[in-house]
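With chain A's structure known, arrange chain B on it following the hints.
There are 2 protein chains.
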Amino acid sequence: MINFNESQIIENAYYIYKQRSKIEAIADQICKRDFDLLFFTSSGGSMSMLLPFNFWLNYSSGLPTAAMLSADLLITGCNLLTKNSIVFMTSKSGDTQETLEAAQYAKNKGAFIVSAVGAADSPLEAASDAAVIYDAGRPQELIFYLLIGKILYNRGLFPVYPDFADNMKNLGAALMNVRKQADEKCRQYALSCHKEPYNIWVGSGDLWPTAYSYSMCVLEESQWIRTKSVSSPEFFHGTLELLEKDVCVTLLLTEGPTRPLDERVKHFAAKHTNKLTCFDTRDYLLPGIKDEYRPLLSPVVMAAVLQRISKNIEVITGHSLDIRRYYRKGEY
Amino acid sequence: MINFNESQIIENAYYIYKQRSKIEAIADQICKRDFDLLFFTSSGGSMSMLLPFNFWLNYSSGLPTAAMLSADLLITGCNLLTKNSIVFMTSKSGDTQETLEAAQYAKNKGAFIVSAVGAADSPLEAASDAAVIYDAGRPQELIFYLLIGKILYNRGLFPVYPDFADNMKNLGAALMNVRKQADEKCRQYALSCHKEPYNIWVGSGDLWPTAYSYSMCVLEESQWIRTKSVSSPEFFHGTLELLEKDVCVTLLLTEGPTRPLDERVKHFAAKHTNKLTCFDTRDYLLPGIKDEYRPLLSPVVMAAVLQRISKNIEVITGHSLDIRRYYRKGEY
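Protein chains in written order, with the working numbering: chain A, 24 to 355; chain B, 24 to 355.
Next up, chain A with everything else stripped away, as it sits in the complex (with noise of 0.2 angstroms):
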């Protein structure tokens, strides 16, 4: 397996891990509140990352939750937020334009910022009235699923949040296993996907998110391959038209809620075209990782298993992923 470092996955979970207590506290803070709403926003990937976990609190909650783009957010406000809300952001830089002005907008309201930053001493950290550092920590997600199972916990809304999170001390390991088991798939996907002029990509529920994102984030931004992604539901309302048999389907099936629509595309597609993949978290061992959990990780599991496409495209279309023609260079 080229571009893969056991150790250093297991070292930069456990980064994240490390600060449970911290980041349980946090969660206690929020509870103390009387909230109104809890908001997710941010820009691009990092957006892509918090949505699951508004998925998650609508799904398994009565607590009142919206998302919403940071840029549209500055431009036209959310009528649902106050100085009773909790605002959630993210940005690995710490410096992301829109999410600090998102940031300024939600202070402006009174609201409380929690916010998952990648560089310590960052803006958006001394914007926040609560931040989780990452550094090199990996998935970020942690840091969510540790957040918000904790308010879910102090709700009484996720009694086995304990064990919960002390499964989550073995993520690190098991999506390192997970890399292990997918790379052979994501290697020869690789050296197909490259070469097609046009790649849909479907997905539902906490899984849309990672189809949107990683289509536009990795395949586009970094390879500059075209893509189009439609959730699974949608599928259904037009692109299902431009299948044909040599059409390239990309599906991102979830254990979570929403599989049904995941599987109505499966089974439409395989019909229809010779070229359908399907990347199935359920093909994919978590050991250390009770199963009644699955459910809720489909998000990592399945970012684990597209960077195996990532760590080999790049050695196949011999572009590294580091390179940009405009992406933050100079102003746009």
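Be a bit skeptical, because a hint or two may be false.
Which copy is meant is left open, so a pair is good if it fits within one copy or across any two.
Derived pair list, reagent style SDA-like, types lysine to any residue, alpha-carbon separation capped at 20 angstroms [as the list claims (entries may be wrong)]:
(1) Lys218 <-> His342
(2) Lys106 <-> Gly133
(3) Lys294 <-> Arg347
(4) Lys132 <-> Pro87
(5) Lys294 <-> Arg351
(6) Lys298 <-> Tyr349
(7) Lys203 <-> Ile33
(8) Lys294 <-> Lys352
(9) Lys203 <-> Leu214
(10) Lys115 <-> Gln127
(11) Lys352 <-> Ala293
(12) Lys203 <-> Val338
(13) Lys268 <-> Tyr221
(14) Lys289 <-> Lys352
(15) Lys268 <-> Arg347
Hint data in this document are derived by calculation from the structure and do not stem from the laboratory.
Same frame as chain A, but now just chain B:
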């Protein structure tokens, strides 16, 4: 101009306008309830038609509002929705399965359901507490301009509503006129775009749903043309990297509040591709409608413009807009 019937367009708009007092009575009925949420749900193109009204409410009022695809609603629910909520839905056929099931979900919650339905005596009409039948009436949006406008007026948030609604009497003629102004540009666009291997569509705010649905529900579904749609702010989080001098980009510019996000894309894309087409609602006169109402009307103005692509492209490609390979053919 091919496939163009002036009097029919005016007649179709009047078919909806003449139901103004009925629509306003529904708004009054809604306002008598102590509602906690104005909620929009449907699927595909119908959902895209509704989203600008969710956008309008959020932008211009403190009235709580939210939106969710019916397929997602059915599986995950919406925890903001209660027996005190108002649910807005729309379906041309009135028998879209997901939409009907979503109506049942809302009914079970005890919410008040308001529908815009193409076909009289349809299941969706039967499932609704109040329904407006539009038959051949167009644009369907006119129902919601009157409905949402009157709700805002009743709450003291849109005092110019009576005059705005009077202006809506001229909407059909204005949009007929827009079509005439747009036709030649759209015909030229249709001549070139149908040959493109990949079409990036971009828009924001109240026109993001138009960019999303026109590319998917018309170009993909009825012309089998490959597209990618992305919102103007998200364009800069990945898709921008695809631009080269021969990459086809189609940008919709709104007169709504997010226009600066579109102008940023225009400025960038003009530098990096020779195949940028901008459709800008600002380019079209709206006789009989005051300038102050234009910022609300971008979705219907743009729909009138884009319809001229549709009407021309089916003649150019010899591919009728009504031909489907799969959609609503057999089970899937």
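Give the relationship of Lys106 and Gly133 under a CA distance limit of 20 angstroms: within one copy only, between copies only, both, or neither.
within (4 angstroms within a copy, 30 angstroms between copies)
Please sort Lys289 with Lys352 into within, between, both or neither, judging by C-alpha distance up to 20 angstroms.
This pair counts as between: shortest inter-copy Cα distance 17 angstroms, intra-copy 39 angstroms.
Given identical chains, is Lys268 near Tyr221, meaning Cα to Cα at most 20 angstroms, within a copy, between copies, both, or neither?
This pair counts as both: shortest intra-copy Cα distance 13 angstroms, inter-copy 18 angstroms.
Between the shortest in-copy and the shortest cross-copy C-alpha distance, which are at most 20 angstroms for Lys218 and His342: within, between, both, or neither?
Answer is within; shortest intra-copy Cα gap is 13 angstroms, inter-copy 29 angstroms.
What label fits Lys294 with Arg351 when the C-alpha limit is 20 angstroms: within, between, both, or neither?
between (42 angstroms within a copy, 16 angstroms between copies)
State whether the alpha carbon distance between Lys294 and Lys352 is at most 20 angstroms within one copy, between copies, both, or neither.
between (44 angstroms within a copy, 14 angstroms between copies)
Evaluate Lys203 and Ile33 at a C-alpha cut-off of 20 angstroms and name the case that applies: within, between, both or neither.
within (13 angstroms within a copy, 63 angstroms between copies)
Reference check for the pair Lys115 and Gln127, CA-CA at most 20 angstroms: within, between, both, or neither?
This pair counts as within: shortest intra-copy Cα distance 18 angstroms, inter-copy 43 angstroms.
How do Lys294 and Arg347 come out at 20 angstroms by Cα distance, when the copy is not named: within, between, both, or neither?
Only across copies: Lys294 and Arg347 sit 16 angstroms apart there, 37 angstroms inside one copy, limit 20 angstroms.
For Lys203 vs Leu214, is the C-alpha pair at or below 20 angstroms within one copy, between two copies, both, or neither?
within (18 angstroms within a copy, 49 angstroms between copies)
Intra- versus inter-subunit Cα pairing at 20 angstroms for Lys268 with Arg347
between (33 angstroms within a copy, 16 angstroms between copies)
Intra- versus inter-subunit Cα pairing at 20 angstroms for Lys352 with Ala293
between (41 angstroms within a copy, 16 angstroms between copies)
Of the numbered hints given earlier, the model fails none.
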